[in-house]
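Sequences are here, hints too, so could you generate the full structure?
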Amino acid sequence: MELILEWLGMTESAALLSLSAPGWGANLLRGLANSLQIALGAFGMGLVIGLFGAYGKLYGGPILRDLLAIYTTVIRAVPELVLILILYYVGTDLINKASGLLGYGRVEISGVVAGIWVLGIVQGAYATEILRGAIQAVPPGQIEAARAYGMPTLMTMRRVTIPAMMAFATPGLANLWLIATKDTALLAVVGFNELTLETKQAASSTRAYFTFFLAAGGLYLMVTLCSGAVFSRIEKWARRGQPSLKEAST
Amino acid sequence: MSSIKSLMQPHRIVLMALFAAFVLWCALSLRWDWIPKYAPLALEGLWTTIWILVVTTVLGFFLAIPLGLAQAIGPWYLSAPARVFCTVIRGTPLLLQIWLLYYGLGSLFPQFPWIRSSELWPYLRQAWPYAVLALTLSYAGYEGEVMRGAFSGVAKGQLEAAKSFGMPRVTMFRRIWLPQAIRNVLPTLGGETILQLKATPLVATITVVEIYAVSSRVRSDTFIVYEPLLLLALAYMVIAGLIGLAFKRFENQVPGRR
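Residue numbers (our numbering), protein chains in the order written: chain A, 3 to 252; chain B, 36 to 293.
To be clear, the hints were calculated from the coordinates, so they are not data collected in a lab.
Virtual Cβ for every residue (Gly too), placed ideally from N, Cα, C.
Some hints could be false.
[What the hints assert, rightly or not] Ranges between beta-carbon positions, derived for each pair: (1) Arg66/B <-> Ala150/A: 56 to 62 angstroms; (2) Leu31/A <-> Leu63/B: 29 to 35 angstroms; (3) Ser20/A <-> Tyr112/B: 46 to 52 angstroms; (4) Val114/A <-> Ser152/B: 31 to 37 angstroms; (5) Val114/A <-> Leu230/B: 25 to 31 angstroms; (6) Lys99/A <-> Ala115/B: 54 to 60 angstroms; (7) Ile48/B <-> Val114/A: 39 to 45 angstroms; (8) Leu156/A <-> Leu63/B: 34 to 40 angstroms.
Written as structure tokens, this is what we have:
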């Protein structure tokens, strides 16, 4: 192993990236864990918002529909970085005011919670559109049949709509998950210690910019490729029992 | 006419009244006295945002055409690198790419004396070439994937007809294949251009002074938090709306799609 590294002329980089004390590998991995935690939380929150948003857009009253249209349009037109700043300040302001009213002092908000809340709202707008399209792609007869048997709304959602729309929603949701992992990098700008900021700190204190940025790029790429494999399995599972696209087209 | 009629429903009138009240409240009770002082800087920033957006989308699109073509019909030694390039660009955050180019290349170049003495050096010491390079590569990576689908989506008969009339390959590409491929993906291109607009504030992190950087500066100079951010969001929404309208006009020019 060491011989190979020396032959490649990468001993120095390997020492910088090593997991033990003089190396910065542990910092990078901690950053990656933070990033993944936020991405998972934001993606989950986005799914919940998206499900309610999609139902609101499809079956809600006119006012709810207009409000949701404004929400999805505004969020998708404004850069994520600007939204992160606005939501971050609004969120901390609101919580501090609430705690002030209740008689507690200033509250310190952890970076993870703030990141999840901010990215979750952004993801929710995209998830709303994806899930709305997926629900519309379900043959309406299936949902009508469930209703005709007197199934309550929630049970229809759980047993009919969600399983039937999974196949249509998975590609869009896979994209959204990739956006979530990459958007966590933006939290570096507000000073949250996720992978990109850890990388920059490591790089600027050792002056080995290429080593660290390429290593971080490799980590992100690994996450992307792994989730690609996972999502293609999920899609296969969600499509079980449906005729495959190739057969249908020929 | 139908759009005005649909706006005149009672609940929409109430919503619009509420929105107007919100705007009025913003105008009256928030602080806007910093605007005259920072207006020239903001206009300069707006101009920087727009030229970066235009230059990177145009350059990126020209890079995307060979990338898409290589993936659609190229032999393996062209298609494999193109696919790897698109995967890497799409699989890593843009912020990381920008920082890699700016800090990485920026720390590498001064080590070579012939670069320092070359005529390009005054430009390489500034931040904007790295910003333009990073955004161009990113747009090319995303667009290369789109153009691959677009090139393989053009009907075979069109190309066969061109070939049977004895059209040379370059003419066929220029007159038949490329225009139809672009027409097919115009809506996607519009969406991607808006995404590119939303990526431009990232270059503020490497000291390019565009409109986002101006708003951060107002925030740190005057400690006014919400007003510059709200105005900034409004500016981006207006630009995004204009891009959307422009692409809708292009789409309407395509015959047989109304």
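Structure-based check of each hint:
1. Arg66/B <-> Ala150/A: 56 to 62 angstroms: Cβ of Arg66/B to Cβ of Ala150/A: about 59 angstroms, so the range 56 to 62 angstroms holds.
2. Leu31/A <-> Leu63/B: 29 to 35 angstroms: violated (51 angstroms)
3. Ser20/A <-> Tyr112/B: 46 to 52 angstroms: violated (36 angstroms)
4. Val114/A <-> Ser152/B: 31 to 37 angstroms: violated (49 angstroms)
5. Val114/A <-> Leu230/B: 25 to 31 angstroms: holds (26 angstroms)
6. Lys99/A <-> Ala115/B: 54 to 60 angstroms: Because 56 angstroms falls inside the window, the suggested range holds.
7. Ile48/B <-> Val114/A: 39 to 45 angstroms: Holds, since Ile48/B and Val114/A (Cβ atoms, about 43 angstroms apart) stay within the stated range.
8. Leu156/A <-> Leu63/B: 34 to 40 angstroms: violated (45 angstroms)
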